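Q: Residue strings, one per chain:
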Amino acid sequence: MPTNILMPALSPTMEQGKIARWMKKEGDSIKSGDILAEIETDKATMEVEAVDEGVLAKILVPDGTDNVAVNTPIGVIAGEGEDASAAASPAPAVPATQHKPEAAPVAAEAKAPPQPAPAAAPAAVAPDPEIPAGTAMTTMTVREALRDAMAEEMRRDGDVFVMGEEVAEYQGAYKVTQGLLQEFGPKRVVDTPITEHGFAGLAVGAAFSGLRPVLEFMTFNFAMQAIDQIVNSAAKTLYMSGGQMGCPIVFRGPNGAAARVAAQHSQDYTAWYSHIPGLKVVAPYTAADFKGLLKSAIRDPNPIVFLENEILYGQSFDVPQIDDYLVPIGKARIARPGKDVTMVSWSIGVSYALKAAAELEKDGIDVEIVDLRTIRPMDVPAIVASVKKTGRCITIEEGYRQNSVGSEIAARLMEEAFDYLDAPVTRITGKDVPMPYAANLEKLALPNVAEIVQAAKAVLYR
Amino acid sequence: MASVQSSARPKTARKSAADSDAAAPFTGSNIAEFTREQELEAYKMMLLIRRFEEKAGQMYGMGLIGGFCHLYIGQEAVVSGVQLASKEGDAVITGYRDHGHMLALGMDAKGVMAELTGRRGGLSKGKGGSMHMFSKEKHFYGGHGIVAAQVPLGTGLAFAHRYRGNDSVSLTYFGDGAANQGQVYESFNMAELWKLPVVYIIENNRYAMGTAVTRASAQTDFSKRGLSFNIPGVQVDGMDVRAVKAAADQAISWCREGNGPFILEMQTYRYRGHSMSDPAKYRTKEEVQKVRDEHDPIEQVRSRILKANMATEDELKKIDAGVRAVVAEAAEFATNDPEPDASELWTDILK
Ligand SMILES: Cc1ncc(C[n+]2csc(CCOP(=O)(O)OP(=O)(O)O)c2C)c(N)n1
Ligand SMILES: [Mg+2]
Chain A
35 MPTNILMPAL SPTMEQGKIA RWMKKEGDSI KSGDILAEIE TDKATMEVEA VDEGVLAKIL
95 VPDGTDNVAV NTPIGVIAGE GEDASAAASP APAVPATQHK PEAAPVAAEA KAPPQPAPAA
155 APAAVAPDPE IPAGTAMTTM TVREALRDAM AEEMRRDGDV FVMGEEVAEY QGAYKVTQGL
215 LQEFGPKRVV DTPITEHGFA GLAVGAAFSG LRPVLEFMTF NFAMQAIDQI VNSAAKTLYM
275 SGGQMGCPIV FRGPNGAAAR VAAQHSQDYT AWYSHIPGLK VVAPYTAADF KGLLKSAIRD
335 PNPIVFLENE ILYGQSFDVP QIDDYLVPIG KARIARPGKD VTMVSWSIGV SYALKAAAEL
395 EKDGIDVEIV DLRTIRPMDV PAIVASVKKT GRCITIEEGY RQNSVGSEIA ARLMEEAFDY
455 LDAPVTRITG KDVPMPYAAN LEKLALPNVA EIVQAAKAVL YR
Chain B
160 MASVQSSARP KTARKSAADS DAAAPFTGSN IAEFTREQEL EAYKMMLLIR RFEEKAGQMY
220 GMGLIGGFCH LYIGQEAVVS GVQLASKEGD AVITGYRDHG HMLALGMDAK GVMAELTGRR
280 GGLSKGKGGS MHMFSKEKHF YGGHGIVAAQ VPLGTGLAFA HRYRGNDSVS LTYFGDGAAN
340 QGQVYESFNM AELWKLPVVY IIENNRYAMG TAVTRASAQT DFSKRGLSFN IPGVQVDGMD
400 VRAVKAAADQ AISWCREGNG PFILEMQTYR YRGHSMSDPA KYRTKEEVQK VRDEHDPIEQ
460 VRSRILKANM ATEDELKKID AGVRAVVAEA AEFATNDPEP DASELWTDIL K
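If you read the protein sequences in the order shown, they are chains A and B.
If you read the first sequence in our numbering, its first letter stands for residue 35, the second for the next number, and so on.
If you read the second sequence in our numbering, its first letter stands for residue 160, the second for the next number, and so on.
FYI, nobody ran anything at the bench for these hints, they're computed from the structure.
Keep in mind that a hint or two might mislead.
[Said to hold, decoys possible] Computed cross-link-like contacts, BS3-like style, restricted to lysine-lysine with a CA-CA straight-line distance of at most 27 angstroms:
1. K354/B with K295/B
2. K449/B with K466/B
3. K354/B with K297/B
4. K422/A with K477/A
5. K58/A with K440/B
6. K389/A with K373/A
7. K209/A with K440/B
8. K52/A with K214/B
9. K52/A with K209/A
10. K354/B with K59/A
11. K510/B with K477/A
12. K65/A with K476/B
13. K365/A with K422/A
14. K295/B with K214/B
15. K214/B with K59/A
16. K440/B with K221/A
17. K477/B with K65/A
18. K444/B with K59/A
19. K449/B with K59/A
20. K214/B with K65/A
21. K449/B with K58/A
22. K491/A with K465/A
23. K440/B with K65/A
24. K444/B with K209/A
25. K65/A with K449/B
26. K58/A with K444/B
27. K203/B with K246/B
28. K203/B with K65/A
29. K52/A with K440/B
30. K52/A with K297/B
31. K465/A with K510/B
32. K65/A with K444/B
33. K214/B with K58/A
[Stated by the list, open to error] Sample of chain B residues with no beta-carbon within 10 angstroms of chain A, all distances over it, derived:
34. F227
35. K295
36. H298
37. K354
38. W505
Since the structure is predicted, the reported quantities are computational estimates derived from the model, not experimental observations.
Quick reminder that beta carbons are idealized off the backbone N, C-alpha and C, glycines included.
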C-alpha cells in the first residue's frame with residue numbers, strides 16, 4: 035500500500051508552511067529517520083524525517099510551494115516493487131487515524147489570527163490619528179517590528195543591551211531577536227543560563243548603574259521565578275532611595291495563552307504587574323504599536339513590563355515608514371470608532387473585539403473599540419470619553435476574572451462616568467480555572483467571540 | 160559519549176564530597192554484568208519507551224498531539240537503570256520530558272498517550288498534557304513545566320519520607336540546564352543539612368534547548384555541584400543501563416541508610432530536538448549520528464544479549480512485536496477516546 039507523506043505540524047502554532055526543498059528525489063529509497071524535506075514554519079526551517087520505509091514514488095507538492103496546510107499530502111511513499119504510478123493517484127485527504135475533528139481545528143480557531151490571517155488584520159484596525167495621512171506603510175509581522183525596535187534603539191544608544199535565554203545564538207526561542215547577535219555581537223546580545231531570578235536581578239543591578247537592559251523572558255510564565263526582583267528591586271528602588279536611583283529596564287516576552295501548552299505555560303500576567311506602583315505595563319496589539327511602544331519603553335527611565343503575545347508574533351500589520359517611530363506610553367487608541375457600545379481591550383483581546391464588532395455590525399450594532407495599549411498608567415480619560423458616547427462598556431481579556439484589569443476599569447467607570455452608564459460594565463475574561471490542555475476545554479477556558487457578541491446585546495437590552 | 164575511565168569504581172559510598180571528588184565515573188568497563196533476566200527487562204523497558212516516543216512524534220506531526228512534546232529518545236537507559244535499582248514506595252519526580260519515566264514506572268501506555276492527545280482516558284483526564292502527568296499509585300509526582308521546580312519538590316518528598324520514618328527515597332530528576340537554577344542549590348543545602356534521602360539525578364544530555372552545557376555552565380562536571388554542601392556525587396555513563404543501575408544502587412543505599420542526599424550525573428544524549436519545534440541548528444547531524452551508532456543504549460543491550468546467547472534474534476523479534484502492539488494499542492486508544500466532557504473544565508480546582 036502506498037502511503038501519503040503529510041505536511042507535518044512542527045510547532046504548537048503552525049497551521050501552514052512552505053516546502054523549502056525536497057532532500058530526496060522521486061525514485062529514491064527511504065529509510066525511517068531519513069530527512070525527506072526542509073520545511074519553513076512560522077518560526078524556523080525544519081527538517082522532516084521519514085517515518086515510513088520504501089521508495090519516494092511521487093512528490094505531490096514541489097519545492098518552493100508556500101502556504102501548504104498541515105496534513106496536506108505532499109508526497110507518496112510506495113513499498114519496494116510497488117507500482118509508483120498507482121500511488122500517484124489522488125490521495126485520500128487525511129488518514130483514518132486523524133479523524134478527531136474537534137481537536138486541532140477547534141484549538142486553531144480559538145487562537146487563530148483574524149482570518150484570513152495577515153491581510154485582514156491591519157485593514158480591520160482604524161488608522162492611528164497620530165500618524166500623518168499619506169504616510170507610506172510597510173507590512174511587517176509583530177515579530178519583525180519588535181526586532182526592528184530593539185535594533186534601532188541599540189544603534190542609537192550603546193548602553194542598550196539584550197539579555198535572556200536563547201536570545202543570541204539560537205536567534206530567540208520565538209525568533210524575536212533574529213539577527214541581533216550578528217549585528218551587535220555577544221557583548222550586547224547575551225545568552226544566559228536558565229536562571230531567571232539570577233539574571234533578572236543582575237539586569238536590574240546593571241540598570242541601577244545606568245545601563246539599559248532589554249530582558250527577554252522566554253515567556254512570562256518563567257518570569258514568576260524572577261518576580262521578586264521585578265517587584266521588590268526594579269519597581270521600588272526609586273522610591274526607597276528618595277529619587278536617587280533609577281531602573282531603566284524593559285522586561286519583555288510573550289504573555290498569555292499560546293496553543294495547547296497547558297496550565298503552567300498559558301497564564302496572562304497583565305493584571306498582576308499592573309497592580310504595582312513603580313512599574314509601567316504595556317501590551318500592544320498591532321505591529322506599529324509594538325514597534326513604537328517598545329522603542330519608547332527602551333528610552334523610558336523606568337522599569338517597564340512589556341507584554342507580547344505568541345499568537346500575534348506571526349501576524350502582519352502596516353507599520354509607518356517613519357524614522358524613529360515612537361508611540362507614547364500611557365495613551366489608548368481607538369481601534370474602531372462606533373457609537374452603540376464600547377469595548378475595551380489590549381493585546382490579542384483586540385482581535386476578539388474586532389471579530390465581535392464585525393458580527394454585531396450585521397445586526398446594526400456599531401461598536402467602538404478602545405485599544406488600551408498601556409495598562410499602567412491607564413488612559414482612563416480615553417475610556418471615559420468613549421463611554422460618554424456609548425453609555426455601555428465591555429472589557430475583554432484572557433486573564434482571570436477576580437481582580438482582573440476589567441475589574442479595575444469597571445471601578446474607574448463607576449467613579450468617573452457613573453452617570454453616563456446605561457448598563458452595568460460587563461467583563462469578558464478567561465475562565466476561573468488553570469488552563470486545561472485538552473483542545474475542547476482550552477477553547478472553553480478562553481474568551482470567545484460568541485460570548486462577547488452576547489454580552490454586547492445584553493448591555494444594549496437586545 | 161561518557162569518557163571511558165579505567166579506574167575501578169568505589170566499593171562503598173563515600174562519606175564526604177571531598178572523597179567523592181575522587182570517585183571514578185561509572186562506565187561500562189567496570190560494571191558488573193547483568194543476568195539474563197535483567198538484560199531482557201532493561202531491553203523491554205527501553206524499547207517500549209523508544210517505540211512509544213517515536214509514535215508520539217508521528218502523532219504530533221499529524222496534529223493529534225498539540226503544544227509542546229519533549230521526547231526521551233536516546234535517554235532511555237537513565238530512567239530504566241534507576242528504576243531497576245529502586246523499590247516500591249520510592250518517589251519519582253521530573254520535568255516535562257516525562258513520558259519515559261511514566262512508562263518505566265509501569266504506568267499504562269494508553270493513559271499516557273491519551274493524555275498526550277488530551278482525551279478523557281488520559282492520566283490527567285486530558286487536562287495536564289504531555290508535560291503534566293501524575294500517578295498517586297506509582298508515587299510519581301509529575302511532570303513539571305517550570306524548569307527546576309521539581310528539585311525543591313523532590314526534596315520535599317524526601318523530607319516527608321524522613322518525617323514518616325520510612326526507608327523510601329526520592330528520585331529527583333532534572334536537566335543540565337535546570338542545574339543552573341538557584342532553587343537547586345537552596346534544595347541541596349537543606350537536603351544535606353537535614354540528611355534527606357534524595358537522589359538528585361541530573362540528566363546531562365549536553366544541551367538545554369539550543370544551549371550546549373559549555374555555554375551555560377561554569378562547572379560542567381555536574382557530579383561536583385554538591386561539593387560546597389558536602390553532597391557526594393559521581394558521573395555515570397548514562398547510555399549504559401548497567402552503569403546506571405550500579406550507580407543508582409550505590410546512591411539509593413546511601414540515602415536509605417540515612418546518610419543524606421547523593422548526586423548522580425547521568426551523561427546521556429537526546430537524539431531529537433528539544434521539543435517538536437526545534438530546528439536543531441546548534442549541533443551537527445554527524446554528532447547525533449555518532450552517538451546513535453556508537454552508544455545507543457538499546458543497541459548495546461541487544462548486542463550483549465545476542466553475543467552472550469541470552470536470547471535469539473527470533474526471541475528479540477517477539478519482544479519487539481509485543482512492544483509495538485502495546486504502542487499501537489495506546490495510539491489507537493488515544494486517537495479514538497473522546498475529549499473530556501465540557502463539565503471537566505470546572506472540576507479539580509479545589510477539593
Ligand atoms: C523557569 C523556566 N525557564 C525556562 C523554561 C523554558 N525551557 C523549557 S525546557 C528548557 C531547557 C531545559 O534544559 P535541561 O534542563 O537541560 O533539560 P532537557 O530539556 O535537556 O531535558 C527551557 C529553557 C521553562 N520551562 N521554565
Ligand atoms: Mg539538557
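Q: All the hints need checking, so say for each whether the structure fits it.
A: How the hints compare with the structure:
Between the alpha carbons of K354/B and K295/B the distance comes to roughly 25 angstroms, so the proposed pair stays at or under 27 angstroms and holds. Taking the CA atoms of K449/B and K466/B, the gap is about 22 angstroms. The hint holds against a cut of 27 angstroms. Note on K354/B and K297/B: the hinted pairing holds, with a Cα-Cα distance of about 24 angstroms set against a maximum of 27 angstroms. Annotation: proposed proximity of K422/A to K477/A is violated, straight-line Cα distance about 34 angstroms (limit 27 angstroms).
With a C-alpha separation of about 20 angstroms, the suggested pairing of K58/A with K440/B holds against the 27 angstroms cut-off. A hinted pair counts as satisfied when its Cα atoms are at most 27 angstroms apart, and K389/A with K373/A qualifies at roughly 17 angstroms. With a C-alpha separation of about 13 angstroms, the suggested pairing of K209/A with K440/B holds against the 27 angstroms cut-off. For the hint linking K52/A to K214/B, the alpha-carbon distance of about 24 angstroms falls within 27 angstroms, and the restraint holds.
Our distance criterion of 27 angstroms between C-alpha atoms is met by K52/A and K209/A, whose separation comes to about 17 angstroms. Only pairs whose Cα atoms come within 27 angstroms are accepted, and K354/B paired with K59/A is rejected, the gap being roughly 61 angstroms. Distance hint between K510/B and K477/A is fulfilled; the C-alpha atoms sit about 24 angstroms from each other, no more than 27 angstroms. Proposed proximity of K65/A and K476/B is supported: the alpha carbons are some 19 angstroms apart, at most 27 angstroms.
Between K365/A and K422/A the CA atoms are separated by roughly 18 angstroms; this keeps the pair inside 27 angstroms, and the hint holds. With a C-alpha separation of about 26 angstroms, the suggested pairing of K295/B with K214/B holds against the 27 angstroms cut-off. As the CA atoms of K214/B and K59/A are separated by approximately 26 angstroms, the hinted pair is consistent with the 27 angstroms bound. At most 27 angstroms may separate the alpha-carbon atoms for a hinted pair to count; K440/B and K221/A meet this at roughly 22 angstroms.
Between K477/B and K65/A, the direct Cα distance comes to roughly 22 angstroms. Compliance with the 27 angstroms bound is thereby established for this hinted pair. In summary, the hint linking K444/B to K59/A is supported, as the alpha carbons are separated by about 20 angstroms, within the 27 angstroms threshold. For a cut-off of 27 angstroms, the pair hint linking K449/B to K59/A stands: about 26 angstroms separates their Cα positions. Annotation: proposed proximity of K214/B to K65/A holds, straight-line Cα distance about 16 angstroms (limit 27 angstroms).
As the CA atoms of K449/B and K58/A are separated by approximately 22 angstroms, the hinted pair is consistent with the 27 angstroms bound. A threshold of 27 angstroms between alpha carbons decides the hint, and for K491/A with K465/A the separation of about 21 angstroms falls inside it, so the pair holds. Note on K440/B and K65/A: the hinted pairing holds, with a Cα-Cα distance of about 22 angstroms set against a maximum of 27 angstroms. Distance check on the hinted pair: K444/B and K209/A sit about 22 angstroms apart at the alpha-carbon level, within 27 angstroms; holds.
A distance of roughly 18 angstroms separates the Cα atoms of K65/A and K449/B; the hinted pair therefore holds under the 27 angstroms criterion. Note on K58/A and K444/B: the hinted pairing holds, with a Cα-Cα distance of about 17 angstroms set against a maximum of 27 angstroms. In summary, the hint linking K203/B to K246/B is supported, as the alpha carbons are separated by about 18 angstroms, within the 27 angstroms threshold. Between K203/B and K65/A, the direct Cα distance comes to roughly 24 angstroms. Compliance with the 27 angstroms bound is thereby established for this hinted pair.
The suggested pairing of K52/A with K440/B holds, with an alpha-carbon distance near 18 angstroms, which does not exceed 27 angstroms. A distance of roughly 44 angstroms separates the Cα atoms of K52/A and K297/B; the hinted pair therefore is violated under the 27 angstroms criterion. Restraint check: the Cα-Cα separation between K465/A and K510/B comes to about 18 angstroms, which is no more than 27 angstroms; the hinted pair holds. Simply put, K65/A and K444/B have alpha-carbon atoms about 16 angstroms apart, close enough for the 27 angstroms limit, and the pair holds.
Taking the CA atoms of K214/B and K58/A, the gap is about 23 angstroms. The hint holds against a cut of 27 angstroms. Consistency note on F227/B: stated as away from chain A, yet its beta-carbon is not over 10 angstroms from all of that chain's, at 6 angstroms minimum. Distance check for K295/B against chain A: the nearest CB is about 19 angstroms away, which clears 10 angstroms, and the non-interface claim stands. For H298/B, the requirement that its beta carbon stay farther than 10 angstroms from each beta carbon of chain A is met, with the minimum near 21 angstroms.
At the 10 angstroms boundary, the C-beta of K354/B stays outside the reach of chain A, the nearest C-beta of that chain being 27 angstroms off. Its beta-carbon lying about 6 angstroms from the closest one in chain A, W505/B breaks the requirement of being farther than 10 angstroms from that chain.
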